[in-house]
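Peer 1: Here are the chains, one letter per residue:
Protein chains: 2
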Amino acid sequence: MEQTKYTLTEKELPRQWYNLSADLPNPVPPPLGPDGKPVSPEMLSKIFPMNLIEQEVSTERWIDIPEKVLEILSLWRPSPLYRARRLEEYLKTPAKIYYKHEGVSPPGSHKPNTAVPQAYYNSEFGIKKITTETGAGQWGSALSFACTFFGIDLKVFMVRISFDQKPFRRLMMQTWGAECIPSPSNLTESGKKFLSEDPDTPGSLGMAISEAIEMAISDKTGKTKYSLGSVLNHVMLHQTIIGLEAKKQLKLAGEKKADVIIGCAGGGSNFAGLSFPFLADKIAGDEIVVIPVEPTSCPTMTKAPYSYDFGDTAQKTPLLPMYTLGHAFVPPPIHAGGLRYHGMAPLVSQAIVDGLIKPKALDQLDCYKAAVTWARTEGFIPAPETSHAIAASIEEANKAREEGKEKVILFNWSGHGLMDLTGYESYLSGKLVNYPLPDEKIKESISVLQSLPKI
Amino acid sequence: MEQTKYTLTEKELPRQWYNLSADLPNPVPPPLGPDGKPVSPEMLSKIFPMNLIEQEVSTERWIDIPEKVLEILSLWRPSPLYRARRLEEYLKTPAKIYYKHEGVSPPGSHKPNTAVPQAYYNSEFGIKKITTETGAGQWGSALSFACTFFGIDLKVFMVRISFDQKPFRRLMMQTWGAECIPSPSNLTESGKKFLSEDPDTPGSLGMAISEAIEMAISDKTGKTKYSLGSVLNHVMLHQTIIGLEAKKQLKLAGEKKADVIIGCAGGGSNFAGLSFPFLADKIAGDEIVVIPVEPTSCPTMTKAPYSYDFGDTAQKTPLLPMYTLGHAFVPPPIHAGGLRYHGMAPLVSQAIVDGLIKPKALDQLDCYKAAVTWARTEGFIPAPETSHAIAASIEEANKAREEGKEKVILFNWSGHGLMDLTGYESYLSGKLVNYPLPDEKIKESISVLQSLPKI
Chain A
0 MEQTKYTLTE KELPRQWYNL SADLPNPVPP PLGPDGKPVS PEMLSKIFPM NLIEQEVSTE
60 RWIDIPEKVL EILSLWRPSP LYRARRLEEY LKTPAKIYYK HEGVSPPGSH KPNTAVPQAY
120 YNSEFGIKKI TTETGAGQWG SALSFACTFF GIDLKVFMVR ISFDQKPFRR LMMQTWGAEC
180 IPSPSNLTES GKKFLSEDPD TPGSLGMAIS EAIEMAISDK TGKTKYSLGS VLNHVMLHQT
240 IIGLEAKKQL KLAGEKKADV IIGCAGGGSN FAGLSFPFLA DKIAGDEIVV IPVEPTSCPT
300 MTKAPYSYDF GDTAQKTPLL PMYTLGHAFV PPPIHAGGLR YHGMAPLVSQ AIVDGLIKPK
360 ALDQLDCYKA AVTWARTEGF IPAPETSHAI AASIEEANKA REEGKEKVIL FNWSGHGLMD
420 LTGYESYLSG KLVNYPLPDE KIKESISVLQ SLPKI
Chain B
0 MEQTKYTLTE KELPRQWYNL SADLPNPVPP PLGPDGKPVS PEMLSKIFPM NLIEQEVSTE
60 RWIDIPEKVL EILSLWRPSP LYRARRLEEY LKTPAKIYYK HEGVSPPGSH KPNTAVPQAY
120 YNSEFGIKKI TTETGAGQWG SALSFACTFF GIDLKVFMVR ISFDQKPFRR LMMQTWGAEC
180 IPSPSNLTES GKKFLSEDPD TPGSLGMAIS EAIEMAISDK TGKTKYSLGS VLNHVMLHQT
240 IIGLEAKKQL KLAGEKKADV IIGCAGGGSN FAGLSFPFLA DKIAGDEIVV IPVEPTSCPT
300 MTKAPYSYDF GDTAQKTPLL PMYTLGHAFV PPPIHAGGLR YHGMAPLVSQ AIVDGLIKPK
360 ALDQLDCYKA AVTWARTEGF IPAPETSHAI AASIEEANKA REEGKEKVIL FNWSGHGLMD
420 LTGYESYLSG KLVNYPLPDE KIKESISVLQ SLPKI
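Quick mapping for you: the protein sequence lines, in order, are chains A and B.
For the first sequence, position 28 (counting from the first letter as 1) is numbered 27 according to numbering that gives the first Met the number 0, and the numbering increases by one without interruption.
For the second sequence, position 36 (counting from the first letter as 1) is numbered 35 according to numbering that gives the first Met the number 0, and the numbering increases by one without interruption.
Next up, chain A with everything else stripped away, as it sits in the complex (with noise of 0.2 angstroms):
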């Protein structure tokens, strides 16, 4: 029997976190505040506690990962490596293709990798309560997982429409012990304000993130505090444990480095976990493909501009040098809600300037008949934002095939789909279709970004 599957034991866990900022050949611009100066740690510090500001700024290269986090993590962590045997016969490729199995988490993606910490972190800084928000409920189910361990209180603030339509990841928080409000609400000043513009919204994750922070900083004590489950840099820190055990796993598979690495990105986080402990080779001198995958709809980094903008539609967040299509940019209805996000990760988008990454976008029915052979050869199924990945990693295989290269490929495979399975039932009955984006509506979106502070 050949292997297909390189496991690690509990004790082969990363001790440190890796921190792109410490290699990355230029800095990332710092954040600004309404004023358009750089916003001190102390200003960031009504939103989120000192210890994760902390990692938020820090410039070093290897940073601990507490005991306590690793016990949690090793639930499901180290996660297994497997190479994609049946799906290399099917596309007749010489490539060998590795993906790491993110889906394992007891919610099913990558999301408590930084769940676990940000958790923790809080927990020890005394703060009692935390504030988030979530669209389709990934990362509010991945949270609630996390705060339950530390006895935190939790309110998730949920997109109303995802609420409604998606009663699945609301009853997992419920579960876990946390309070999942639809949003827009009456819990607070802005919710008040968008439900009396309009009753009947469906409310968007930027109404979302503006209650979720209303609430953390509405709190004088300051035992309530926000969390963000991508974009930022500390998140992407967290998610680094996935890049460097795969890097352990990957020479367990007897191969020396890998040619191609590729992850889906919304915020930015599962990519940039599987891929920075690499980037930090490729920086040193490796020769390795790196690629974010986008879905056309959503083109932030294949098509957008490198700008200062908002994290939020409400413009809450301070000013964040992103890859973005304009913080009211609203994208349309894709299956991949992970991946329904304006902006990119600042450490991300300073990847692609410095010219480490190469990003690519992929549309929607290429992905569902990509995730639909992986389920039918591999027998795992994909979140549809994971999808973009396989899709990405089927296209460099068939390009390795065409070269006669005996290409290494990796991909994260960030998260299952059982939770996710309607987007299936329109692909296999044909009722699924793509969503180009114009480039009219592009320009229209991008526009917000003029009135900004430039990079």
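Any given hint might turn out to be false.
Any copy will do: because identical chains look the same in the list, a pair fits if it lies in one copy or spans two.
[As the list claims (entries may be wrong)] With a Cα cut of at most 16 angstroms, we get these calculated EDC-like pairs of lysine to aspartate or glutamate: (1) Lys-430 with Glu-11; (2) Lys-453 with Asp-199; (3) Lys-359 with Glu-123; (4) Lys-36 with Glu-1; (5) Lys-67 with Glu-1; (6) Lys-250 with Glu-439; (7) Lys-247 with Asp-362; (8) Lys-357 with Glu-286; (9) Lys-4 with Glu-70; (10) Lys-398 with Asp-258; (11) Lys-192 with Glu-213; (12) Lys-404 with Glu-394; (13) Lys-91 with Glu-402; (14) Lys-406 with Glu-286; (15) Lys-222 with Glu-59; (16) Lys-442 with Asp-199; (17) Lys-192 with Glu-424; (18) Lys-302 with Glu-439; (19) Lys-406 with Asp-63; (20) Lys-67 with Glu-123.
If you're looking for bench data, these hints aren't it; they were derived computationally from the structure.
Bear in mind the structure is a predicted one, so any value in this text is a computation, not a measurement.
Guided by the hints, dock chain B onto chain A, whose structure is given.
Peer 2: Coordinates of chain B only, in the frame set by chain A:
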């Protein structure tokens, strides 16, 4: 960091299944045909391929697992063994609680442990098409997953009410390429008959079995067979890989033996899978308490007689020797759909008769309470079936605390509950109820057994 997860590599996968038939003090009485005489293998060959029938009647102690089966099982096997340290701490028990995590398979339960070999043996026998039935969808999705690797065309008759109410399981089957048909259907004579009697019938497992068997035997080319996901000897056999792995892993954890072994039991297969390899030691003299757990609403082992009975409502199967509530028994609508079966596997039943195992029954509310405690201490959300094993393990851990004994408890975590969250919603909102079963109803239900042959 204390170790909580005990993993084996692919190379440590068991290479043989264990057959309890070789060691039982008393043999299981043979299945009987409609004439009351033992059914010959030839008679069974209309329904099953001969290689599986050979396993069904085998008394060999060890049976080789084919290489190709191991290759597919290795996608998620060996499954991890965990120690539930946070639950132990919560219960303040001196007991050590270990659990075998069968929820890591692509369909999310132990079912593919037998689905994969069944698909393999059918394929080896030249079978191109398999029919089966499914209630809530666990078995149907596991067999769909398995058939995709062997290019076998699968038709799943799914009880109509579940087909309508549980679209996600149906979508899993379709994603893996199976056809899922609401039963009763117009595709079979028996389906047409059921529909003519009641066009609005919600369907039942009994009706679905009738349709699946009819479709299999009406293919006169012999290329279509029927497959069953529990109850039969070869199904128990395939599941023993669970217990064989667990034995190796307990050793890794430094345990000489388990004191208590627990599994939930509907048809009996996940319980048998974990416990049978340990029963071999018990028969040889080890002191082990072995507990199958069933719902009080479907008290097959704890309140029903041991008798010959049909495996299905429509009386299409041979008569099997089992603890049974009578083949016409309709269990109350508890959420643990996989435990709503009137009978119990003949091998498990014989182990009860021989005094090797001690069944117990638990109420639905107690099981959900245990499931929520579990999710909030150990993290993974269990299936409603699995919650029965958890509740029984908590009872045993509490008993160990009262007795001041450091017992080793091992139970089978048979599957995750991500597709079954509505039960949690009922429980958390205080709407969940128990369904006590009046003795009168049991008496009435088992009266059908009087006219059948005696054991």
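Peer 1: Hint by hint, note whether the structure agrees.
Peer 2: Tested hints:
Neither within a single protomer nor between protomers do Lys-430 and Glu-11 lie at most 16 angstroms apart by alpha-carbon distance, with minima of 46 angstroms and 45 angstroms respectively. Taking the closest pair of Cα atoms, Lys-453 and Asp-199 never come within 16 angstroms of each other, the shortest separation being 37 angstroms inside a single copy and 66 angstroms across copies. For a Cα distance limit of 16 angstroms, the shortest separation of Lys-359 from Glu-123 qualifies neither inside one copy, at 40 angstroms, nor across copies, at 43 angstroms. Taking identical chains as interchangeable, the C-alpha atoms of Lys-36 and Glu-1 are never at most 16 angstroms apart, the minima being 58 angstroms within one chain and 47 angstroms between chains.
When the C-alpha separation of Lys-67 and Glu-1 is checked against a cutoff of 16 angstroms, the pair qualifies only between copies, where the shortest distance is 10 angstroms, while the shortest distance within a copy is 36 angstroms. In this assembly of identical chains, the alpha carbons of Lys-250 and Glu-439 never lie at most 16 angstroms apart, being 47 angstroms within a copy and 65 angstroms across copies at closest. In the homo-oligomer, the alpha carbons of Lys-247 and Asp-362 never lie at most 16 angstroms apart, since the shortest distance is 33 angstroms inside one protomer and 47 angstroms across protomers. Proximity of Lys-357 to Glu-286 under the C-alpha cut-off of 16 angstroms is restricted to the intra-copy arrangement: shortest distance 13 angstroms within a copy versus 62 angstroms between copies.
When the C-alpha separation of Lys-4 and Glu-70 is checked against a cutoff of 16 angstroms, the pair qualifies only between copies, where the shortest distance is 10 angstroms, while the shortest distance within a copy is 23 angstroms. For the homomeric pair Lys-398 and Asp-258, the shortest alpha-carbon distance inside one copy (13 angstroms) is at most 16 angstroms, but the shortest distance between copies (56 angstroms) is not. Taking CA atoms no more than 16 angstroms apart as the test, Lys-192 paired with Glu-213 passes inside one copy only; the shortest distance there is 13 angstroms, against 62 angstroms between copies. Proximity of Lys-404 to Glu-394 under the C-alpha cut-off of 16 angstroms is restricted to the intra-copy arrangement: shortest distance 14 angstroms within a copy versus 59 angstroms between copies.
Proximity of Lys-91 to Glu-402 under the C-alpha cut-off of 16 angstroms is restricted to the intra-copy arrangement: shortest distance 13 angstroms within a copy versus 62 angstroms between copies. Within a single copy, Lys-406 and Glu-286 get their C-alpha atoms as close as 12 angstroms, which meets the 16 angstroms cut-off; across copies the closest is 55 angstroms, which misses it. Neither within a single protomer nor between protomers do Lys-222 and Glu-59 lie at most 16 angstroms apart by alpha-carbon distance, with minima of 28 angstroms and 65 angstroms respectively. In this homomeric assembly, Lys-442 and Asp-199 never come within 16 angstroms of each other (Cα to Cα): the closest approach is 29 angstroms inside a single copy and 55 angstroms across copies.
In the homo-oligomer, the alpha carbons of Lys-192 and Glu-424 never lie at most 16 angstroms apart, since the shortest distance is 37 angstroms inside one protomer and 30 angstroms across protomers. When the C-alpha separation of Lys-302 and Glu-439 is checked against a cutoff of 16 angstroms, the pair qualifies only within one copy, where the shortest distance is 12 angstroms, while the shortest distance between copies is 72 angstroms. Proximity of Lys-406 to Asp-63 under the C-alpha cut-off of 16 angstroms is found in neither arrangement, the shortest distances being 33 angstroms within a copy and 36 angstroms between copies. With identical chains, the CA atoms of Lys-67 and Glu-123 are at most 16 angstroms apart within one copy only, with a shortest distance of 11 angstroms there and 50 angstroms across copies.
Hint violations for this structure: numbers 1, 2, 3, 4, 6, 7, 15, 16, 17, 19, all remaining hints satisfied.
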